[in-house]
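Build out the structure end to end from the sequences listed, making use of the hints.
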Amino acid sequence: MSHAVDPAESPLTPESWGKLGMWVFLAGDAMSFGALLAGYGAIRAGSVNWPDPTQVLGINLTAFMTFLLICSSVTMVKALSAIKHGNVKSMRNFLLLTILGGVIFLGLQAYEWTHLIMREKPVLFTTYEGTHHLFGATFYAITGFHGAHVTGGVIYLTIVMLRGMAGKYSASNHNGVEILGLYWHFVDLIWILVFTFIYLIPNAPKP
Amino acid sequence: MSATHQEPNYMKIFYALFVLTVLEVGAAYLNVLVAGFPLILLGLILIVLAVVKAALVGMYFMHLKFEKRVLGIIALTPMILCTLLIIALLPDLTGGTRKPEAPAAVVEQVEQP
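Heads up: the protein sequence lines correspond to chains A and B, in order. Each residue of the first sequence is one higher than the one before, counting from 301 in the working numbering. Each residue of the second sequence is one higher than the one before, counting from 8 in the working numbering.
It should be emphasised that the hints constitute simulated quantities derived from the structure, not laboratory data. Treat the numbers as computed from the prediction; the structure is a model and nothing was measured. Hints may contain errors.
Said to hold, decoys possible - For lysine-lysine, the following DSS-like pairs were computed, each having C-alpha atoms within a straight-line distance of at most 25 Å: (1) 319/A x 75/B; (2) 19/B x 75/B; (3) 378/A x 389/A; (4) 421/A x 468/A; (5) 75/B x 378/A; (6) 72/B x 319/A; (7) 468/A x 384/A; (8) 72/B x 384/A; (9) 468/A x 319/A; (10) 319/A x 384/A; (11) 72/B x 389/A; (12) 421/A x 72/B; (13) 19/B x 72/B; (14) 378/A x 319/A; (15) 319/A x 421/A; (16) 378/A x 468/A; (17) 384/A x 19/B; (18) 72/B x 378/A.
Said to hold, decoys possible - So the derived label-pair ranges between C-beta atoms look like this: (19) 19/B x 389/A: 40 to 46 Å; (20) 420/A x 39/B: 20 to 26 Å; (21) 98/B x 463/A: 36 to 42 Å.
Unchecked claim - Sample of chain A residues facing chain B (criterion: CB under 10 Å; computed from the structure): (22) 360; (23) 418; (24) 419; (25) 444; (26) 445.
The beta carbon of each residue, even a glycine, is placed where N, CA and C say it ideally should be.
Structure (structure tokens):
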């Protein structure tokens with residue numbers, strides 16, 4: 301696709317300002333997650349009675365949630381691939397599957413939180429096993445911040461899908477879908493890190 | 008526009024991510040199944056697996072491998088902040104676990120009123 305030549309065009313001018321904008325946003329967003337995870341690491345390393353996450357949290361359920369987000373990333377690239385070939389209907393179907401993946405993920409997260417809060421030995425925001433503890437605070441803050449991103453992603457996916465059904469995208473004009481994909485894959489990428497650091501990493505051995 | 012840039016084999020990436028996820032969960036269970044498995048090593052294995060997965064998503068799904076270098080540099084800038092943060096927090100990381108009798112560690116165990 302040829303575009304009007306911007307007078308200020310330089311070798312650094314991106315092929316798509318929208319894509320550059322999304323990348324800058326994602327870099328900033330990654331800093332938020334980085335700060336949350338670094339803070340979590342410091343709190344956990346400084347704690348003498350941090351519970352072993354694999355004993356408290358359900359690894360099997362969250363492993364399935366990880367798998368689900370990876371699947372929804374694949375349907376996202378398939379949607380972009382479809383519109384690159386001008387197939388609007390296939391793009392809609394793949395976006396619908398991606399939305400479904402996101403919604404099921406959120407449902408499972410709601411189920412997980414409910415279970416953690418309602419069970420006999422609850423993980424509460426400031427309390428664990430009857431004492432003040434930051435285990436719940438860090439857990440809910442980080443998974444909640446990520447869940448908010450998935451929620452935003454589902455809304456964003458829905459808007460792009462509706463625009464696609466209204467015929468706004470085509471083989472020569474699929475930039476909007478590509479930018480959406482960047483956001484969605486980023487949410488997947490962050491979950492991969494959250495899953496490892498919050499759920500899987502064991503406690504350091506006691507000295 | 009780079010309409011010609013080749014499309015990677017997405018299914019291959021999917022299989023790789025799936026296998027890595029299975030390995031991760033398997034590694035996490037090593038902790039339970041193999042008594043005395045060195046936990047530092049286990050932590051390192053898990054972090055390496057996560058970084059490989061994140062890199063696969065970034066390089067292929069987010070097309071960084073096929074983009075201009077500038078985007079890759081933007082994508083890596085958060086690492087600078089994270090590194091600085093970890094360095095800034097290091098004094099705290101070595102506090103509690105090594106000296107459980109230190110007052111800072113006791114505060115955390117105060118009974119709820």
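Worksheet item: Which of the numbered hints above does this structure break?
Response: Checked against the structure, the hints that fail are numbers 4, 11, 12, 15, 19, 21, 23, 24, 25, 26, while the rest are satisfied.
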